[in-house]
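Q: Based on the sequences and whatever the hints tell you, model everything.
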Amino acid sequence: DELTLQLKWVTQAQFAGYYVAQAQGFYEEEGLDVTILPGGPDIAPTQVLAGGGADVIVEWMPAALAARERGLPLVNIAQPFKSSGMMLTCLAETGIQNPETDFAGKTLGVWFSGNEYPFLSWMNTLGLSTEGGEGGVTVLKQGFNVDPLLQKQAACISTMTYNEYGQVLDAGLSEDDLVTFKYEDQGVATLEDGLYVLESTLEDDAMVDRLARFVRASMKGWEYAAANPDEAAEIVLENDETGAQTMEHQARMMREIALLLEGSDGTLDEADYQRTVDTLLSGGSDPVISAAPEGAWSPVVTDRAFN
Amino acid sequence: MTDAVLNAPQARRLRLHTGDLLPILTVLLVIVAVWYLGAIRMNAAWERDQAARAGVQLTTSELVSRTLTQDRPVLPAPHQVAQGLWEGVAGQAVTSRRSLVWHAWVTLSATLAGFGIGTALGIVLAVGIVHSRVMDLSVMPWAVASQTVPILAIAPMVIVVLASVGVTGLLPKAIIAAWLSFFPVLVGMVKGLRTPDGMQLDLMRSWSAPKTRVFWNLRLPSSLPYLFASLKVAIAAALVGTIVGELPAGATAGLGARLLSGSYYGQTVQIWSALFAAAILAAVLVALIGLIERTVLSRMGLAR
Amino acid sequence: MDAVIEAQRVSLTFQTADGPVHALKDVDLAIAPGEFVSFIGPSGCGKTTFLRSVAALETPTSGRLSVNGMEPDAARRARAYGFVFQAPGLYPWRTISGNISLPLEIMGFSRSERAERVARVLDLVELTGFAGKFPWQLSGGMQQRASIARALAFDADILLMDEPFGALDEIVRDRLNEALLALWRKTGKTIGFVTHSIPEAVYLSTKIVVMSPRPGRITKVIDSPLPPERPLEIRDTPEFIALAHEVREGLREGHGYD
Amino acid sequence: MDAVIEAQRVSLTFQTADGPVHALKDVDLAIAPGEFVSFIGPSGCGKTTFLRSVAALETPTSGRLSVNGMEPDAARRARAYGFVFQAPGLYPWRTISGNISLPLEIMGFSRSERAERVARVLDLVELTGFAGKFPWQLSGGMQQRASIARALAFDADILLMDEPFGALDEIVRDRLNEALLALWRKTGKTIGFVTHSIPEAVYLSTKIVVMSPRPGRITKVIDSPLPPERPLEIRDTPEFIALAHEVREGLREGHGYD
Amino acid sequence: MSALPILGVWLGGIALNVWLARINTRLSRGLIAAVFGLTLILLWEMAVRIYQIPTVILPAPSQIAASFAANRSILWTDFVQTILRGALMGWVIGAFAAILTAIAIDRSPFLQRGLLPIGNFVAALPIVGIAPILVMWFGFDWQSKAAVVVVMVFFPILVNMVAGLKATDALQRDLMASWAAPYGASLWKLRLPAAMPFLFNGLKITTTLALIGAIVAEFFGSPTRGMGFRISTAVGRLDLPLVWAEIVVAALAGTLFYGIVALAEKKVTFWHPSQRG
Ligand SMILES: Nc1ncnc2c1ncn2[C@@H]1O[C@H](COP(=O)(O)OP(=O)(O)OP(=O)(O)O)[C@@H](O)[C@H]1O
Ligand SMILES: Nc1ncnc2c1ncn2[C@@H]1O[C@H](COP(=O)(O)OP(=O)(O)OP(=O)(O)O)[C@@H](O)[C@H]1O
Ligand SMILES: Cc1ncc(C[n+]2csc(CCO)c2C)c(N)n1
Ligand SMILES: [Mg+2]
Ligand SMILES: [Mg+2]
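Chains as they are written, first to last, in the numbering used here: chain W, 21 to 327; chain F, 43 to 346; chain B, 3 to 260; chain L, 3 to 260; chain Z, 441 to 717.
Please note: incorrect hints may appear among the correct ones.
Cut-off 30 angstroms, straight-line C-alpha distance, at most; resulting in silico cross-link-like pairs (DSSO-like, lysine-lysine) [unchecked claim]:
#, chain 1, residue 1, chain 2, residue 2
1, L, K27, L, K209
2, W, K240, W, K202
3, L, K135, Z, K706
4, B, K27, L, K135
5, F, K253, B, K135
6, W, K126, W, K172
7, L, K27, B, K135
8, B, K27, B, K209
9, L, K27, Z, K706
10, L, K222, L, K27
11, W, K102, W, K202
12, L, K188, L, K209
13, W, K126, W, K202
14, L, K222, L, K188
15, W, K240, W, K102
16, Z, K707, Z, K606
17, Z, K706, F, K253
18, B, K27, B, K222
19, Z, K606, L, K135
20, Z, K706, Z, K606
21, B, K188, B, K209
22, W, K202, W, K172
23, Z, K706, B, K135
24, L, K222, L, K209
It is worth saying that the hints were derived from the structure and are not from the lab.
A: Below you can see the structure in the form of structure tokens.
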């Protein structure tokens, strides 16, 4: 059976589970022929799904719920990532220590394109305006890399524990030079990489079965990847067509990713879901979602996969 | 009047003669020198910060040598870029994904396809515009508008939409390239096809030549200088279009993907190597068109 | 009515930024088949404009103009004209022979026919040997001759020539005058011919039209009593000199108006 | 040596794709200050090329050419020349008066001086009233006259004129011939003048240079015995007719070579 | 079957335009472009409705118009940021730089032989690659966008201007030489006027390039306003009508910009055969 998976970002260890499942033949064992489409900075996986370019996508829950409110009926069918890897990394020399008091008047780098929701919620809980000015923060749309921090164009930038943070360290800054705030620790964590399909897909029992086999094989891939980070990194490298990734970087990323996977067998934990929704609903004047969504997740696939 | 315009047998054409070597080398030398100075200046801030963090004092020569050997410089030094290029080109098997030749080839094929489509479209539209008032009045404003659509915004949508109807691979990129390259051809060709002056057209009229004849024997030949000038711009534009198409296409292969991943991981040397590879590619393509231009025009007695 | 070209109260006004220019005013003229009509008049009096109107390259603002009983435009489409412009107007991307064979290509002559005709007219204008040169490699007079050759190459019934021999020396001019006259006698073409040379007009024409400027009007139409056979020596006969005198007087009068 | 223009064994060969063209071959000529020299010869014999070489617009392939004792190029930079080209060469973005005042602007004449001179030369060539028109709005002859006016507007010591009156009718031509002669007598300019008209050459010149083509050579240099004062009627005197005959014979010989 | 009404509207539009083309007045000329555009828009609306294309793929013109009306203030802020500051400033600076460089190149054969080949090469650098670097150098605000635009428009204007400065005919140059015109005079009175048709060719092509450059550069980092910023965030939120409203603004601004330059061209190069008609 054929299945197309659209990733949220470029080929890297963040998606090692799927590549490993494919390379190790886990999909094949389940009778699946999976095509993995890498993403990119301006690919909105939700749009690809809506256009019929993919059957399943890897997406973050805030973006998925926002799309749902836009009338695109996305449903979470599995949640391999238990915890969030997002954080704000600041230069120590800017004197930022406490988010409650020190952010005002500073410039912060944020990713947009659907990744800005957790940040906006957080600022809202802190009571900071994102429109600049004395009492608020100046927001920059951060580009692809960590340069704004190195160039001191921003006091803090968004980083992922598994990726950009390592890049900042690679660039020569030491942990002492930096102050980091994990979204998990700030109580504004939202669910990251999950698997989403269109509601209509779930109405087809054959599809549900296919997805169940897919999730099962993928989770097997994730387990394998977490257990064998170096081998997983190698598999990722083989799949990287740009030839730009390095073994060192991907192996480290895999180890960090493994930490995020801990505590999940692929099934969505309803408490996590609720926390995400609550965070997003508290978006202040311009909340990400205006009402608690209905039917935004479904256990049917994981139930069939693991029971 | 027009034969006089083209009547400049003694005017020398820009061509690479041995005599050009000295000026080119001089200018190159100046550029490289400025580049080195710039690299030192722009990279120095970081080294000073690092030194301050480590609490050491840097001598000037230490500072200079460090600024020129950074792993992720703000501005890589020329020799770093040269090295990156060299490794990308000669250090790998051409089929390797780390080979710039391979990526350049991926980009080139889409560029040429897009350039072909764009040029054909531009010429066809220009011919229509010159011959039909309806087309002139209705197409031109919308052709202009089409160019103001931000392609980088449209590109992912084009790719998504095409993918959803099953078109993937080279064609989506080529379409974006064509989108960018048809416009210069259109503008230049419209101008060129309208260049013939009153007397030249009157001659044709006095022979009561049909429109096709006027086109083939008058408008087209007089438009060729304009066409070639436009083609040079168009092929560069097609390359830009392809690279833009490669950026959001999920960073698979091609120079655009190299640029993106370099940018994503802050590997400035890789960005610059890809950039130079693209520029070399463009320069070669432009030079190639220049060569064709010279052969064609000199065969037509129009070479200047 | 058997006039080939007939003008009735033809006027033509150019609109320019600083007011209208009256190039032609109430021009009446009838040209019978096989006539050789010269137009002479001061610079700017509308000779070119009239010839262009006949060839449907300008449209009169008022009046009626008919050619072969048709609208000039219809006649043009029937390929009734060969036109020699005041400036050579050769296409720079074609060699001399390429330029001459262009109208032949357009009119669908066969390759061998074209080659034959090109060779013949090149010989007529004494440019054999320059067939392969590009226009800018030729002197001014040679370009003018090439442009004449081009108009002669296809056998149009009506030849309209705007100062074709202006840039030629007397000897070549005499030879070409004779050749043109011979051609005219042999083929019975109708020829409209603009010139500034009084002897040339008298030598060639069956009818001489004298014009005066601002607004361009016909001041005199002189029918020539000279026989069709005209050796060059005819220019020393009293009839010839008297005719030339008449034309000169007509011209003087036109200038007087200024 | 007090020659203004002196040519010694001047040759000029154009390299073209199908072989060299010998435009000038071993031309020797000396022109004294204040002379009026006409060049006459069949089309393509190198008249234009010679004039252009004098004005340093072409460089001879061999031989020596000096102007005012300098290299032609130095003389050009000293603004020794006024040049009238065979084609009008007006700048299409300037009006007629703008075209005429252009060299004056370049040479730094004051605004009022320019206006005054433009008006004067426009009157001389009978184009008053067309000052504000653009070149493409003028007839061929009018354009030619505008280009003559442009060359006359600044008082260069050497005037080089390449068939300036080719596109003009006899009457205007006569008037301009007289005007040019008067100007020459008054100012003592040295004038090089290309023409195809034998009477014109004889009427104007103190010296007539007859050339023959392929390769371009001087076949005859005829010094005119006519006095500097020349009413138009001089054209009927026996001296004039004899001289014209001599020139015609010289031309015939040149053509015979063909 | 469902294609039938679409075909009908299309043919109707063409017929109307052919008819309009016969009456040649200023009004009818404007109408033709409008009819063409309206036909396209109508076809688009019908296609979206008949084939039920999801909004997140392609919104209907009516939705775009609604979004346009609802977001006027946002659109205006973005317009000022991206077009007035980024594109226009960059275009003006780039055009001036290119013209001056072209003159320098034309003046000095040394530069001409040394700089032009290298200039060609440097100009062939794809802007998308330069954009992140320039953002790194000039910061996040409009200055870096203007810098990208400068780099983008420089080459086409330079190439055209250099070609234009050479486009004088031999006779016109000979005249200047015969007057021993100094360099400055032959530049001002001959080369520059003769170069104008070419220069405007370059200026026209680059009006649209300037917009693209300014918008594209915002993808590599920007403050939280600007058309590129809005487009990428709105795509992330699947607010496609807003995306298209921005695109409409870009297209309107670009067409207007182009129109102004084309009008200037008509005024300046009135003497050129292509303008004399
Ligand atoms: N740029 C050129 N390239 C090649 N050959 C040329 C060039 N200019 C002139 N010639 C050749 O040089 C010869 C002399 O030309 P030139 O223009 O001096 O003749 P001319 O005496 O002025 O003739 P005309 O009276 O027809 O103007 C001709 O045979 C012409 O073909
Ligand atoms: N396109 C035009 N626009 C405006 N005026 C024009 C145009 N063409 C010609 N004229 C004017 O019309 C008048 C007649 O011009 P035409 O060319 O017919 O004269 P001509 O008799 O051929 O003169 P020449 O002997 O000098 O060639 C002139 O005054 C001229 O200025
Ligand atoms: C334009 C842009 N958007 C997001 C990221 C950051 N990023 C890298 S991986 C990842 C998680 C998604 O898989 C995210 C958010 C970026 N660098 N550039
Ligand atoms: Mg005329
Ligand atoms: Mg000549």
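Q: Holds or violated: are the alpha carbons of K253 of chain F and K135 of chain B at most 30 angstroms from each other?
A: holds, 28 angstroms
Q: Mind checking the alpha carbons of K707 of chain Z and K606 of chain Z for me, to see if they're no more than 30 angstroms apart?
A: holds, 22 angstroms
Q: Just to be careful, I want the Cα atoms of K126 of chain W and K202 of chain W compared with a cutoff of 30 angstroms; is the pair within it?
A: Roughly 18 angstroms separates the two Cα atoms, so the pair holds.
Q: For the pair supplied as a hint, K606 of chain Z and K135 of chain L, confirm whether the alpha-carbon distance does not exceed 30 angstroms.
A: Cα-Cα ~27 angstroms, so holds.
Q: Does K706 of chain Z sit within 30 angstroms of K27 of chain L, going by the straight-line distance between their CA atoms?
A: violated, 49 angstroms
Q: Taking only the CA atoms, is the gap from K135 of chain L to K706 of chain Z under or equal to 30 angstroms?
A: Within the cut-off at roughly 18 angstroms; holds.
Q: Taken at face value, is the distance from the CA of K172 of chain W to the CA of K126 of chain W at most 30 angstroms?
A: It holds: about 11 angstroms lies between the C-alpha atoms, which stays within 30 angstroms.
Q: Do the alpha carbons of K240 of chain W and K102 of chain W lie within 30 angstroms of each other, as the hint requires?
A: Measuring from Cα to Cα gives roughly 16 angstroms; hence the hint holds.
Q: If you draw a straight line from the CA of K240 of chain W to the CA of K202 of chain W, is it 30 angstroms or shorter?
A: Within the cut-off at roughly 28 angstroms; holds.
Q: CA of K706 of chain Z to CA of K606 of chain Z, is that 30 angstroms or under?
A: holds, 21 angstroms
Q: Are the Cα positions of K27 of chain B and K222 of chain B separated by 30 angstroms at most?
A: holds, 14 angstroms
Q: Would you mind confirming whether the straight-line C-alpha gap from K188 of chain L to K209 of chain L stays at or under 30 angstroms?
A: Distance of about 18 angstroms is within 30 angstroms: holds.
Checked against the numbered hints listed earlier, the structure breaks hints 9, 23; every other hint is satisfied.
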